[in-house]
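Undergrad: Each chain, letter by letter, is given below.
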Amino acid sequence: MEFLAEHQLYIVMIIVLGIWLGLYVYLFRLDGRISKLEKESRHES
Amino acid sequence: MILKGALGVLLTLVIIAAFALPITPQPQSWLEFPLIPGLEEKARIIFFHVPTAWLSVMAFLTSMVFGIRYLRKRDMLDDIRSSSAAGLGLLFCILATATGAVWAKFNWGSFWNWDPRETSIFVLLLIYGAYFSLRSAIEVEEKRATLSSVYSIIAAVTVPFFVFIMPRIMTGLHPGAKGDPDGAGPVIEFKMSPNMRVVFFASLIAFTLLFVWMFTLRVRAARLESHLQAKG
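One line per chain: the protein sequences are A and B, in this order.
Residues are numbered in my numbering as their position in the first sequence, beginning at 1, plus a constant of 19.
Residues are numbered in my numbering as their position in the second sequence, beginning at 1, plus a constant of 2.
Since the hints were made in silico from the structure, they are not lab data.
Built from N, CA and C at the ideal position, the CB exists for glycine as well.
Just to be clear, a hint being listed does not mean it is correct.
Unchecked claim - Some, not all, of what chain A presents toward chain B, calculated at C-beta under 10 Å:
no.	residue
1	35
2	43
3	47
4	57
5	63
To be verified - DSS-like cross-link-like pairs, simulated, lysine-lysine; straight-line CA separation at most 30 Å:
no.	chain 1	residue 1	chain 2	residue 2
6	B	44	B	107
7	B	145	B	75
8	B	233	A	58
9	B	75	B	233
10	A	58	B	75
11	B	233	A	55
12	A	58	B	6
13	A	55	B	6
14	B	145	B	233
Put together the whole structure using the sequences plus the hints.
TA: See the structure below:
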């Protein structure tokens, strides 16, 4: 904790990494869902 | 799949490098950034602010290219591509404005100063905001596609003027403005050390890959939506 208090920039880095991880996981899951829907729509037609 | 993995690793490394590498007046190793007078620790924003601004330009030009293609071939998929690119361009433009405003607060003293650079990006936001107002105001699909394609071409013609020309011919506080003692070129050319350039270009590549991924996802989702609507 003392390290983070002295180097506040690391806290910003951790937050930015967290946002990026969240966005990445969201896009990855969205990609999977769209692929699934595309497959279903191809089967139907 | 490989590209998505590469993007994940690359942008993570860029974020770590941009924040964790120390900025010192006399760098002793490759893992230290030099101190840029006037920017100091705030120089770190370049790794995120410039790629978002650059990508908004790329996205607006992509929107124009697909707008032209729609007008030539009358394929609704091109209209979907054009509007998806414009949407992402607007998103990245907002991000560039927000990151720029944060930087302005700590460098110039307030979030918004109506500097030529800020004014020009504000006008750009209005132009592309109007693009979506236009799209939502027309119900007939073909008419909407035709009009918004024409609008995307006219709007993209103004982009180089607002992003590259106007802020450089007017006196302002933004680096590269007229009156900047270091010249009116891009910041990367005259102020960045080689290691900063590596992180900067890695960031540019990562953001471009992110844009391509988001763009294809948006187009695929919009295409599915139109398929479902056609089925009723």
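Undergrad: Each hint should be assessed against the structure and marked as holding or not.
TA: Going down the list of hints, with the structure as the test:
no., hint, result
1, 35, "holds (5 Å)"
2, 43, "holds (5 Å)"
3, 47, "holds (7 Å)"
4, 57, "holds (7 Å)"
5, 63, "holds (8 Å)"
6, B:44 with B:107, "holds (11 Å)"
7, B:145 with B:75, "holds (14 Å)"
8, B:233 with A:58, "holds (16 Å)"
9, B:75 with B:233, "holds (23 Å)"
10, A:58 with B:75, "holds (27 Å)"
11, B:233 with A:55, "holds (18 Å)"
12, A:58 with B:6, "holds (20 Å)"
13, A:55 with B:6, "holds (18 Å)"
14, B:145 with B:233, "holds (21 Å)"
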